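*Asks:* Read off the chains here:
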Amino acid sequence: MTDLTKLKIAEARDALRKGDVTSVELTEACLSAIDAADALGAFVHKTPEIALEQAKAADARNSADAPALNGIPLGIKDLFCTKGVPSQAASGILEGFRPEYESTVTSQLFADGAVMLGKLNMDEFAMGSSNETSVYGNAVNPWKVDDRQLTPGGSSGGSASAVAADLCLGATGTDTGGSIRQPAAFTGITGIKPTYGRCSRWGIVAFASSLDQAGPMTKDVRDAAIMLTSMCGHDPKDSTSADLAVPDFEAALTGDIKGKTIGIPKEYRMEGSPTEIEKLWSDGADMLRDAGAKVVDISLPHTKYALPAYYVIAPAEASSNLARYDGVRFGHRASLEAGDGITEMYEKTRAEGFGHEVQRRVMVGTYVLSAGFYDAYYNRARKVRALIKRDFDQVFADGVDAILTPATPSAAFGLGEMAEADPIQMYLNDVFTVTVNLAGLPGISVPTGLDAQGLPLGLQLIGRPWEEGDLLNIAYRLEQSAGFVAKPSQWW
Amino acid sequence: MSIDTETARRVAKLARIKVEEDALPALASEFSAILGFIEQLNEVDVEGVEPMTSVTPQRLKRREDVVTDGSQQAAVLKNAPDAREGFFAVPKVVE
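Taken in order, these protein sequences are the chains called U and L.
FYI, in our numbering the residues of the first sequence are 1 to 492.
FYI, in our numbering the residues of the second sequence are 1001 to 1095.
This list has only true hints and no planted wrong ones.
Computed beta-carbon distance windows for the label pairs:
no., chain 1, residue 1, chain 2, residue 2, range
1, U, Tyr101, L, Val1066, 17 to 23 Å
2, U, Glu53, L, Leu1014, 45 to 51 Å
3, L, Ser1002, U, Gly341, 29 to 35 Å
4, U, Val296, L, Ser1071, 55 to 61 Å
5, U, Ala36, L, Leu1014, 44 to 50 Å
6, U, Asp243, L, Pro1091, 40 to 46 Å
7, U, Lys237, L, Ala1074, 17 to 23 Å
8, L, Leu1014, U, Asp340, 18 to 24 Å
Honestly, the hints are just simulated from the structure, not real lab data.
Bear in mind the structure is a predicted one, so any value in this text is a computation, not a measurement.
By construction, the Cβ of each residue, glycine as well, lies at the ideal position given by its N, Cα and C atoms.
Please construct the entire structure, taking both the sequences and the accompanying hints into account.
*Replies:* Okay, here's the thing in structure tokens:
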């Protein structure tokens, strides 16, 4: 079998079970592809020994009823703590940190037989939309249309780049404001953020605890369903994880969406939005209508306030979560001068260890939580968040099954192009995705077309809480209708 | 709202991040831009709205108040930049 790394998870699973290929062969093919792709900056800690050991074990237990991901080689975002393997959240402050424990999500993937190829690049502490804030350097989009190197998006940029370039069969991502869906759209792959509480956050380096969720990034919707089933589930170690049964999401993929109601929110029509994005969106609505769904116009009136609310709540939670990086228990400690006390140690350690964007967000969070501003900023943002969620509750109560929007306001941009822009310009990348985190809903990005330059564009579907199966099925139908099969041509 | 250098200095101190004196004006202007963006929230009528505490309407689980973990001193100290005799070591705190 040639081009093993191009297999999808479902195809590889079937080939493994039939004995057409072994996990060791598949894993070795991925490891070679990874070694040849350093120019993409996707894998930042390679773990070939662990991978081959897991692959051999998977081959030994191979049978018709082997676990769902038996022998499937995956990449793991650096935000996940993996036992004995560097887990730095792409930050200098966690230099040298090797967790003594395994995150719940990766434990579940490994229990289902998955193979870990290594750790994937990302924005530092998942704060960014272009993977340019990483201590490891940029991850690069495998898509290219001219001399420029393009961003794979962020924060899960390494995951997106690795999956799009066929370095692994799938990857884990995390999404606080769009960090799975935006990079998936920028690289022509599929990414789903499940309902808040579906995946345990235990062992995932925390950014904004009320918004963070893990999810899969894969080559198609079926693979997303397979991986998501394995990643979800109740965990007593995360008090916000939902004690609900996890259905077999793959079984939900019938492609039949007759009678479903799809909402088109008018507030997502942005002034100055590229006509290509508008066309992609209306084409997507037509595809769902042709498949038997009813497409209706809806209103989510507080959409405009989602980004400002997010940029209060997320930094506030981050400033609290990142207080733990103090140079005492793990990671980097600054070298001190004679006479320096513990305060100097904290201040120098955090100044050296955190990058610029992380420092900025921690300080914004500190400011909005400080005495005298807590009510004006933080409490007000939490009230606006309640209104944003109420908007969604209302349209779902009116019978809408899923909402169709663009995933991003543009195709991938060049690395470095936003360097001179003010931070708000970068934050606008998440304008279509951030509402979903604030409302705790499941959202999926599906590639449905190319722009005039030949770069992938994605559409987002937003589902009802806990209805990932239904959401994946609608996405599956959209994927079938769109027939997006383009791949980047290899230059790396 | 415009953030002055003094406020930027105070926030950096509260956040325990050392910011050099000459970097404060640029930081203050970045804060001002971000806070200006956030000010849009003042347009929203939030009268009578409760601040969100949990995005899903679940009640937090409870369990017996018993020890479920522990006796992992070596693992806990393994990643410490400076651990001595079973403790985390830090610069002198008490005179």
